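Novice: Once you have looked at the hints, place chain A on chain U.
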Amino acid sequence: MELEELYKEIIIDHYNNPRNFGELPDANASAEGANPLCGDEIHLELLVKDGIVEDVKFHGAGCSISRASASMMTETIKGKKIEDVRKISEKFKEMLFEGKEDEELGELEAFKGVRVVPIRIKCAVLSWNVLEEALKKIDKGG
Amino acid sequence: MDPIKLREDFPILKIKVRGKRFVYLDSAATTQKPVQVIEAINNYYKNFNSNVHRGVYFISEEATRLYEEARMKVSRFINAESPRTIVFTRNATEAINLVAYSWGRKNIKEGDEIILTEMEHHSNLVPWQILAKEKNAKLKFIPVKEDGTLQLEKLQELFTPKSKILAITHVSNVLGTINPIKEIVEFTHKNGTLVLVDGAQSVPHIPVDVKDLGCDFLAFSGHKMLGPMGIGVLYGKEKILEEMEPFLGGGEMISQVWLERATWNEIPWKFEAGTPNVEGAIGLGSAIDYLKKIGMENIEKRERELTAYAMERLKEIDGIRIYGTKNPELKSGVISFNLENIHPHDVGTILDQEGIAVRVGSHCAQPLMAKFGVSSMVRASFYIYNIEEEIDIMISALKKVKEIFRGIRRAL
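Which chain is which? The protein sequence lines are U and A, in order.
The number in my numbering is simply the position in the first sequence, starting from 1, with 1062 added.
The number in my numbering is simply the position in the second sequence, starting from 1, with 157 added.
Here chain U stands alone, though its shape is the one from the complex:
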């Protein structure tokens, strides 16, 4: 997908209507991250039960790419097993950093368009890095 279409078809939609935006009072894992380039900030909260992401919410401010990516990420991971979430995260980053494609990424593949502007890749992967941080805490906390 060309960057312009990505903006028009996906980013603007998620920017205006971010999915799972807000706070999760009964969360049992959370993490936050920032991208100094655009001043992006993402706070992510997860409710994980029996190895499954039961619920997820995010909030924060920043550019449209970071917000749309976070929004779509929450849609993707909700209801999935942690091990599958990790795989998707890895594949998403491989797509952005190395240009690898994978059918499993589904709609997320749209973000491949960001590769034409390498400096903005950080915006797209920010929420996924925050997600990995949160998952690490679950590992530690058991």
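Hints are computed from structural coordinates only; laboratory data are not their basis.
If you're wondering where the values come from, they're calculated on a predicted model, not measured in any experiment.
All C-beta atoms in this analysis are idealised placements derived from N, C-alpha and C, irrespective of residue type, glycine included.
Please note that the accuracy of each hint is not assured.
[Claimed, not checked] Per the computed footprint, the stretches of chain U lying under chain A, defined by three or more beta-carbons under 8 angstroms from a beta-carbon of chain A, are:
#1 1067 to 1075
#2 1120 to 1128
[Stated by the list, open to error] Cβ-to-Cβ under 10 angstroms is the rule here; a few derived chain A residues that face chain U:
#3 Pro300
#4 Gly505
#5 Lys557
#6 Glu560
#7 Ile561
[Said to hold, decoys possible] Chain A is nowhere near these chain U residues, computed Cβ spacing over 10 angstroms in every case:
#8 Glu1094
#9 Gly1113
#10 Gly1141
#11 Lys1162
#12 Glu1165
#13 Gly1168
Specialist: Same frame as chain U, but now just chain A:
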């Protein structure tokens, strides 16, 4: 001056970016280089490459002559009293650091005051923060008003007998505000306070005469005035430079060296330790030749035309917020703005897709961003090679950004 003809001297302006015509509107970050400058550097490496001030052989003497000739050109360009007052540095940042370390360490004592403004680039802020911390000195700031000018009414209450130096930018790299340096220097000197002027955004764009301004130090960078990167200038009044201790130690800056001690070379070489950037100095000399041929008055006038044109056309963009004054008579060719509810990096990315280079971010002036309540801005800046048609291209692209983001709602 004929901008269309002049553009022929800048090969990079002919490239295509993302299949589109390249529109460079980021000259406040660095300017493009004319073939004359590129050729001068080429000529040095092809015919005279050798170390300076050392060789007894022909090409070294030639290299030394070219290097010192460049210093003479800089000296005349800013109307300095003598080339002895011109120290070559890496850039304006290093020139300011030189003063903060060398002059500052000797002259700033506990409780002394260093006066700055709220519109300083980090390069004229952080070196003073380091010095103030080390010496337990105090930093004080001349506030910036909403219209992007300095609150000069505050000078009287701000300055005290403990105010040792004022470090102030001549032209804001974000707002384009031209500060009335001459008047400020008159006031400051009456108080017995020295003045360092950050000329990084003024020397390339308007006539700068250090005798007329009366400042004690002036710092600027070669790469923002058609010259190469890695060469900058510190001008300092002769008497002050002579009383200053060296900045860096090494070869060139010494007179005699024993195992336990050394004596210093004369100014300006006292401040130029190690092999200098000969290519950079020669390139800067050539850039000055180029600028002088056009004439700094003409450059100022042309940039004002471009700024006025851009200001007029930017009125077509709904929801634009322009920071600082909108009056082209009061500013240099720098316009910073934001589009309502659209992140500046998104604006920058879409403009880039159209082949347009603008700067987005904090512009190395985070405190100024905070003052205007934003974390970043879009900045378009102009130079002698820009033409109205490029501003038209930017306006169309900004309209496209608006179109893409149509229906965007207020950020949550």
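Novice: Please go over all the hints and tell whether each is borne out by the structure.
Specialist: Cross-check of the supplied hints:
1. 1067 to 1075: holds (count 3)
2. 1120 to 1128: The restraint on the stretch 1120 to 1128 of chain U holds, since 6 of its residues have a Cβ under 8 angstroms from chain A and three suffice.
3. Pro300: With a closest approach of 24 angstroms, the A/Pro300 hint is violated.
4. Gly505: Result: holds, 9 angstroms to nearest chain U Cβ.
5. Lys557: holds, 8 angstroms
6. Glu560: holds, 9 angstroms
7. Ile561: holds, 5 angstroms
8. Glu1094: At roughly 16 angstroms from the nearest Cβ of chain A, U/Glu1094 sits farther out than 10 angstroms, so the non-interface label holds.
9. Gly1113: Nearest chain A Cβ is 31 angstroms from U/Gly1113, so the label holds.
10. Gly1141: holds, 24 angstroms
11. Lys1162: Holds, since 23 angstroms exceeds 10 angstroms.
12. Glu1165: The assertion about U/Glu1165 holds, with a minimum of 27 angstroms to chain A.
13. Gly1168: The claim holds: U/Gly1168 sits with its nearest Cβ about 24 angstroms from chain A, beyond 10 angstroms.
Of the hints listed earlier, the one the structure fails to meet is number 3.
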